[in-house]
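Residue numbers (the working numbering), protein chains in the order written: chain A, -6 to 492; chain B, -6 to 492.
To be clear, the hints were calculated from the coordinates, so they are not data collected in a lab. Careful: at least some of the hints might be erroneous.
No copy labels: a pair is met if it fits in one copy or bridges any two.
Claimed, not checked - Subject to a maximum C-alpha distance of 27 Å in a straight line, what follows is the list of computed DSSO-like cross-link-like pairs (lysine-lysine):
hint, residue 1, residue 2
1, Lys457, Lys420
2, Lys483, Lys316
3, Lys114, Lys316
4, Lys424, Lys341
5, Lys341, Lys483
6, Lys483, Lys457
7, Lys341, Lys413
8, Lys457, Lys321
9, Lys420, Lys341
Here are the chains, one letter per residue:
Protein chains: 2
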Amino acid sequence: MAKQKKAPRPRAVPPRGFRDYFGTDVSERSKMLREIADVYQLYGFEQLESSAIETVEALGKFLPDVDRPNEGVFAWLEEEDWLALRYDLTAPLARVYAQHRNELPNPYRRFAMGPVWRNEKPGPGRFRQFYQCDADTVGSASMAADAEICAMLSDTLERVGISRGDYIIRVNNRKVLNGVMEVAGVLDPLDPDRFTNERGIVLRAIDKLDRLGLEGVRQLLGEGRKDDSGDFTKGAGLGAGQAEIVMGFMQALGDTTVRTLDNLQALVAGSGVGETGVDELRQISDLVVAQGYETDRIMLDPSVVRGLGYYTGPVYEAELTFKIKDEKGRLRQFGSVAGGGRYDDLVKRFTGQEVPATGISIGVDRLLAALRMKGRVGQTAPGPVVITVMDRDRMSDYQSMAAELRAAGIRAEVYLGNPKNFGNQLKYADKRKSPIAIIEGDVEKAAGIVQIKDLILGAELAKKASLEEWKARPSQIESPRAELIEQVRKMLLAQALSE
Amino acid sequence: MAKQKKAPRPRAVPPRGFRDYFGTDVSERSKMLREIADVYQLYGFEQLESSAIETVEALGKFLPDVDRPNEGVFAWLEEEDWLALRYDLTAPLARVYAQHRNELPNPYRRFAMGPVWRNEKPGPGRFRQFYQCDADTVGSASMAADAEICAMLSDTLERVGISRGDYIIRVNNRKVLNGVMEVAGVLDPLDPDRFTNERGIVLRAIDKLDRLGLEGVRQLLGEGRKDDSGDFTKGAGLGAGQAEIVMGFMQALGDTTVRTLDNLQALVAGSGVGETGVDELRQISDLVVAQGYETDRIMLDPSVVRGLGYYTGPVYEAELTFKIKDEKGRLRQFGSVAGGGRYDDLVKRFTGQEVPATGISIGVDRLLAALRMKGRVGQTAPGPVVITVMDRDRMSDYQSMAAELRAAGIRAEVYLGNPKNFGNQLKYADKRKSPIAIIEGDVEKAAGIVQIKDLILGAELAKKASLEEWKARPSQIESPRAELIEQVRKMLLAQALSE
């Protein structure tokens, strides 16, 4: 040992952009995911846990450079293969479905929950490992699959603790926008590059409605817009009449679903793809209404743009509508916690066949944050009862007490540090958020009693109590040893009731 | 689209040594882990989920070569840092504890469950990603911490479904073997290299008792052993008298705990470290007995060797004692499903301080396999009720049925594939392991009824039924639409009862 050369001490930190989750951080998330899984299973979805590592070849999208694959993923060369950590749960679904399509039920309803990894610049609250929770139906082109996903998302939000009225699921359809553009005559679907580029500008302009207002968006659809600081953003270059048609799409929301559909129908009249899109929206709307989901839960909304660029038909977005304060103290809606839509090229890369698919992804961390804000989680996580050690030769007495408490379903632990300093034991109980400490010294042992200390009440009294209050509700009671369980139960109940 | 160059299709397979888990594979493991977590939490342990990726520097043990770090881990160079996937849950615990030791309660009881990754040659049933489930107490040198871990392991096994009598937790102590060696006078603790090398040979020899018998082990402790094929294995080179002392250790198990301790005490008399080891075993035994764990659950056993090389004091191993058939059809014990012990250099690499720690790791896949063999999981996983589609214009009728069934807590789904071929719908229901199919064509709709098809009974009758049986218990009933839920409930109940 003495001969060993002294190596520099390693730093005890995770890599940049990674973090650890402790105690209730983990258990609260687990509980929420369990509730989500319960709903998904009720809808006939089956869980899939694919491997965290895929070949870069199977993940696709990321072409290896000479030295290393593209940004965005964690990838490395392993013998002859480039391997990578999954960056989402959809790419692995594509690989699994292509691999097992002959054995899997068709259509295949699957859900998945677990960590994904992104090799991106970390920032405040932005980590390089985070949870996703997805549900997808693969192999069905029916709008019933989309309607079902929306209904399931609604049930899921209510199940985890978001009240009806505190959320809304908005549905739009990419085909309607394509139809609008076709009618406006500005975008040439036969020139895909130009189409994609200008569609991108149009989508980004629409997405800024909240922030820039109608006039700002109109400028971005036209030549461009100069902001307050004088910076100029180039626009999509639409003529005034053309821009007006796109503006009409954004403002097509009527006060009833029927009116919204009529407005859209009028905008896309004559466009095949546009009329298909409107018909799809109508089908989804009819299906969810037939299942009892009115517009207070699921509504059509032509202003939903997020993801329109990626998806091929219906898109959905779940927004929490209650207000929170942003970093500048202004009230704003909590915003999106889930989104998804239909995409039809899931397994084409592998098999050459187009397979229709539709699905959603829930932002696990955002939803959990919302539940914490609403007080739906994080309220009740009392620590264990701590049995203090007054005499280290009587550890077995203390362990027996712990065993009795656990047998009664009460979390309990014996202090296992150095027992010499009793103050340290109480400090420990405080760190453990213990509701109760048990004390049994030699005197108590001889008398067949234990001291039961109410740490929650004790902390309250220490803050503000008068002498009278101390006397009226003493924070420490003496109990016969034989009544330990009964008295602890009583005290825990009193604590729960006085919360 | 037509202009796109045709890239070769990627292979739809995971990397070699990785696999996917479907449906009940995932949910059964989740359920088992949840039950384990419940027990751990009852004992006051808190869950920790550390990041899957660590710096190679923090993981330690693996020194980077010129090109890449050592074998055994998946590692890659990321900007300036070598990063690696965790290969177990103990190395990350060391990093987390060193990083947060001032905020964490001390002692710190933590549990962790999740995948780990090993860059090893895959084999049948051996994967490069698998689950571990650990519980450790950091910061306590007390044998009460070890006793508690053994008691908790016992509770855990019973909680997940291993009956009392089907398992045993064996406890040994590394210090006792060191004492035995000191008394035998063969191994020089002042020459660490020689000590380590010969101790390794002795440990491996003892570990072969089951297979080679006493005489074989004696040979391996001495000059060496020639096996039936004539191959020679070099021995530890102990003299006959010295070997006899080590043999005594292996055979020190008495018919009571007191006798076992007496036997060990006699073997190590005069060795300080040996006597400390015997005293530690006595303390653990007293503590678990005081909590009600008799030798049918937790026993001292000097023949337990696994891990002795790694640990510094007590070691524990949980064995399932029921018999299974091995690949050659011979009956043998199921064997080990968990193990652990005390190790005292957990965070020394980071802080320079020795911190005592003790813990266990459960082999998640092995324990789950044992539960499957005992029929404790995997018995009851009925699929969802499948509502067939007779008329694709009435999807909303079918979705409403599904919604009603779900509201009653019954898993249900509408067939979302192409409904034209009814046979495909029933094949789908079969793949989904559906207990019941619902049929509502135009005729039924007009009459206000539905057909409810018992798919489990149907499959049975198809196999073996006589005409009389068909008539006595028809596998398809007609029910008023309004009584759908009631009739489905009744049928599910009948299926559950006739299992």
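Taking each numbered hint in turn, which are not upheld by the structure, reported in ascending numerical order? 2, 3, 5, 8
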